[in-house]
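Asker: Given only the sequences and the hints, what does the whole structure look like? Please build it.
If you read the sequences in order, they're chains A and B.
For the first sequence, the working numbering gives the first residue as 1, with consecutive numbering after it.
For the second sequence, the working numbering gives the first residue as 1, with consecutive numbering after it.
The set of hints was computed from the structure by calculation and includes no laboratory data.
Among these hints, one or two may not hold up.
Each pair of labels, with its calculated beta carbon distance range [what the hints assert, rightly or not]:
{"hint": "1", "chain 1": "A", "residue 1": "SER33", "chain 2": "B", "residue 2": "ARG169", "range": "30 to 40 Å"}
{"hint": "2", "chain 1": "A", "residue 1": "PRO219", "chain 2": "B", "residue 2": "THR111", "range": "47 to 57 Å"}
{"hint": "3", "chain 1": "B", "residue 1": "VAL244", "chain 2": "A", "residue 2": "SER46", "range": "48 to 58 Å"}
{"hint": "4", "chain 1": "A", "residue 1": "SER33", "chain 2": "B", "residue 2": "GLU155", "range": "31 to 41 Å"}
{"hint": "5", "chain 1": "B", "residue 1": "TRP170", "chain 2": "A", "residue 2": "ASP183", "range": "32 to 42 Å"}
{"hint": "6", "chain 1": "B", "residue 1": "ALA251", "chain 2": "A", "residue 2": "ARG67", "range": "20 to 30 Å"}
{"hint": "7", "chain 1": "B", "residue 1": "SER6", "chain 2": "A", "residue 2": "ASP109", "range": "35 to 45 Å"}
{"hint": "8", "chain 1": "B", "residue 1": "TRP170", "chain 2": "A", "residue 2": "GLN25", "range": "30 to 40 Å"}
{"hint": "9", "chain 1": "A", "residue 1": "GLN79", "chain 2": "B", "residue 2": "VAL244", "range": "47 to 57 Å"}
{"hint": "10", "chain 1": "A", "residue 1": "GLY47", "chain 2": "B", "residue 2": "TRP170", "range": "35 to 45 Å"}
{"hint": "11", "chain 1": "A", "residue 1": "GLN252", "chain 2": "B", "residue 2": "TRP256", "range": "52 to 62 Å"}
{"hint": "12", "chain 1": "A", "residue 1": "GLU127", "chain 2": "B", "residue 2": "PRO103", "range": "30 to 40 Å"}
Taking beta-carbon pairs under 7 Å as the criterion, some of the chain B residues facing chain A (in silico) [unchecked claim]:
{"hint": "13", "residue": "ASN157"}
{"hint": "14", "residue": "SER160"}
{"hint": "15", "residue": "LEU164"}
{"hint": "16", "residue": "ASN165"}
{"hint": "17", "residue": "ALA167"}
{"hint": "18", "residue": "LEU173"}
{"hint": "19", "residue": "TYR184"}
{"hint": "20", "residue": "ALA257"}
{"hint": "21", "residue": "GLY260"}
{"hint": "22", "residue": "TRP261"}
{"hint": "23", "residue": "SER264"}
Heads up, the beta-carbon is just placed ideally off N, CA and C, and yes, glycines get one too.
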Amino acid sequence: MSSLSFSTPAVEVLSANKTYANGYQALLPVNLSIQEGEFVTLLGPSGCGKSTLLKMVAGLLEPSDGRILLWRKPVADLQASGKTMSFVFQSPTLMPWADVATNVRLPLDLMGTPKSEAKERVMEALELVGLEKFANALPRALSGGMQMRVSIARGLVTEPDLLLMDEPFGALDEITRHRLDADLLSLWAKKKLTVIFVTHSIHEAVFLSNRVVMMAARPGHIIQEHIIDEPYPRTQEFMVRTEFMRHAQVLQKSLEHASESIN
Amino acid sequence: MTPNSSQHALSLALQKIGIPLLLGLIFLGAWQAFVVVMDLPPYLVPSPVLMVQTLVSDWQPLFLALWVTVKITLLSFALATVVGVCISFLFVQSAILERALFPYAVLLQVTPIVSIAPLIIIWVKDTSLSMILCASLVALFPIISNTTLGLKSVEPNLHSYFLLNRASRWQILVRLRIPSALPYFLGGLRISSGLALIGAVVAEFVAGTGGQGSGLAYQILQAGFQLKIPRMFASLLLISLTGVLLFAMMAWLTRWALGGWHESEIKAE
Chain A
1 MSSLSFSTPA VEVLSANKTY ANGYQALLPV NLSIQEGEFV TLLGPSGCGK
51 STLLKMVAGL LEPSDGRILL WRKPVADLQA SGKTMSFVFQ SPTLMPWADV
101 ATNVRLPLDL MGTPKSEAKE RVMEALELVG LEKFANALPR ALSGGMQMRV
151 SIARGLVTEP DLLLMDEPFG ALDEITRHRL DADLLSLWAK KKLTVIFVTH
201 SIHEAVFLSN RVVMMAARPG HIIQEHIIDE PYPRTQEFMV RTEFMRHAQV
251 LQKSLEHASE SIN
Chain B
1 MTPNSSQHAL SLALQKIGIP LLLGLIFLGA WQAFVVVMDL PPYLVPSPVL
51 MVQTLVSDWQ PLFLALWVTV KITLLSFALA TVVGVCISFL FVQSAILERA
101 LFPYAVLLQV TPIVSIAPLI IIWVKDTSLS MILCASLVAL FPIISNTTLG
151 LKSVEPNLHS YFLLNRASRW QILVRLRIPS ALPYFLGGLR ISSGLALIGA
201 VVAEFVAGTG GQGSGLAYQI LQAGFQLKIP RMFASLLLIS LTGVLLFAMM
251 AWLTRWALGG WHESEIKAE
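Answerer: Structure, rendered in structure tokens:
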């Protein structure tokens, strides 16, 4: 990881925490630094604040205290620094009345990108996720996995520097999920993205990430960071290697340990 | 579609139209038989055949009256739709405005229009205009309440997505709120179209216009005074048919606008 340690931090979370108005502590003060080009996974059980942390990085939630910087600037000033960010939700979150191409074009339309350029980029994004033939289909005509691909295409169409994904494949079947995980890795390698990926699947975390940030609940906090120092590209074959199992076991143990100390 | 499934669809359509039609014919036949057998005088209960005969023989005045009622209904329906939608837009743009105004919208709704109608007729000189105002008031509320509900029924994550992409209020309204509100708005239209017709008839009862420019309500009143009961029934029939036609048009509009994407218009496989 030494090659990354000298590059620019894309995301800096500086003792940010979240307590809701009703007194519920979603997240204790958290410190986290993510380098440009890193693939970081937030892993933990439900209620550990991983989605809260992600939404604070996105600017969807304000931290109660502490700060979050993107490329050394406050989240709200991201545009001024010439960087872009995309958010992919747990559900596809598409407009049911609009066809696939219109859904993918939405962020470009909102920015006011010229029509002809937007059209080209939409086709590129749809090709990346293998859905170019479905540009004119309505979302409900597609399977859950394909809808999620549309959502990812919409996330990629703006060519973001930072991609935030909130359990994007959690609702999909195992086979579809493996395929989308593999697709995501090749996109990440191709586009040199910085990715923060939220999941509760240990296997998904080990397969995808440079680094796994483990979190525990009541109240949400970071328990440990674990580096997955395995080379890319990673294929399905990686998932049956002993190194994969070793990493998975380390994560499993520390998550169990954390939940024991609470109960 | 396989021949089997198209056959199935055909038989379903036949059932949907055929069964109610058959029931109606049986009912009309029984009515006719009852009137003939009991030898009821036409000024008490006219037979269906006499009703149709009257419709044909009195076609000229009835058609003119129908045209007046339809005109008032459609104008009030249009006015209620435009005003209702504008009020809903205001409501979703400002919570304070909604809190301030919504109780009065309810007040307007719960006050029987018959009791306000004489006031409106006194205040507004032009009879047609006063009737349009009355009928619009009757039809207004479902549009306001449904459209407001619809404009607020936006998928929260999709709303977040728009906010993340720095969408303006206008972009959120046009690209997110209006399409999301469409099913609710169309539901409101269905209710209001019927209410506009009711409002138009009630307003004319109260206004009691005579001579030129009088609608079906006047025909009913007049027929009552003169004991021309078959003509009264013929007028009633025309009002009902107008209502059915309005409803069918709204149903068609809904299918046209929502077909393909909204749950209400999609058949389970």
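Asker: Does the CB of GLY260 of chain B sit less than 7 Å away from some CB of chain A?
Answerer: Hint holds; GLY260 of chain B Cβ to chain A Cβ min 6 Å, cut 7 Å.
Asker: The hint names LEU164 of chain B as touching chain A; please verify it with the least Cβ-Cβ distance against 7 Å.
Answerer: holds, 5 Å
Asker: Cβ-Cβ distance between GLN252 of chain A and TRP256 of chain B: within 52 to 62 Å?
Answerer: holds, 55 Å
Asker: Is the gap between the beta carbons of SER6 of chain B and ASP109 of chain A within 35 to 45 Å?
Answerer: holds, 40 Å
Asker: Please check whether ALA257 of chain B passes as an interface residue: C-beta within 7 Å of a C-beta belonging to chain A.
Answerer: At 9 Å from the nearest chain A Cβ, ALA257 of chain B fails the 7 Å test, so the hint is violated.
Asker: Identify whether the interface hint at TRP261 of chain B stands, where standing means a beta carbon of chain A within less than 7 Å of its own.
Answerer: holds, 5 Å
Asker: Once the shortest beta carbon distance from LEU173 of chain B to chain A is found, is it less than 7 Å?
Answerer: Since the shortest Cβ distance to chain A is 13 Å, the answer is violated.
Asker: Go ahead and decide if the range 20 to 30 Å is satisfied by the Cβ distance of ALA251 of chain B to ARG67 of chain A.
Answerer: Violated, at about 56 Å.
Asker: Take a look at whether the Cβ-Cβ distance between GLN79 of chain A and VAL244 of chain B falls inside 47 to 57 Å.
Answerer: holds, 56 Å
Asker: Once the shortest beta carbon distance from ALA167 of chain B to chain A is found, is it less than 7 Å?
Answerer: holds, 5 Å
Asker: Taking 48 to 58 Å as the stated bounds, is the beta-carbon spacing between VAL244 of chain B and SER46 of chain A within them?
Answerer: holds, 53 Å
Asker: Falls inside 30 to 40 Å, the C-beta gap from SER33 of chain A to ARG169 of chain B?
Answerer: With Cβ atoms ~36 Å apart, the hint holds.
In this structure, the hints that do not hold are numbers 6, 12, 18, 19, 20, 23, in rising order.
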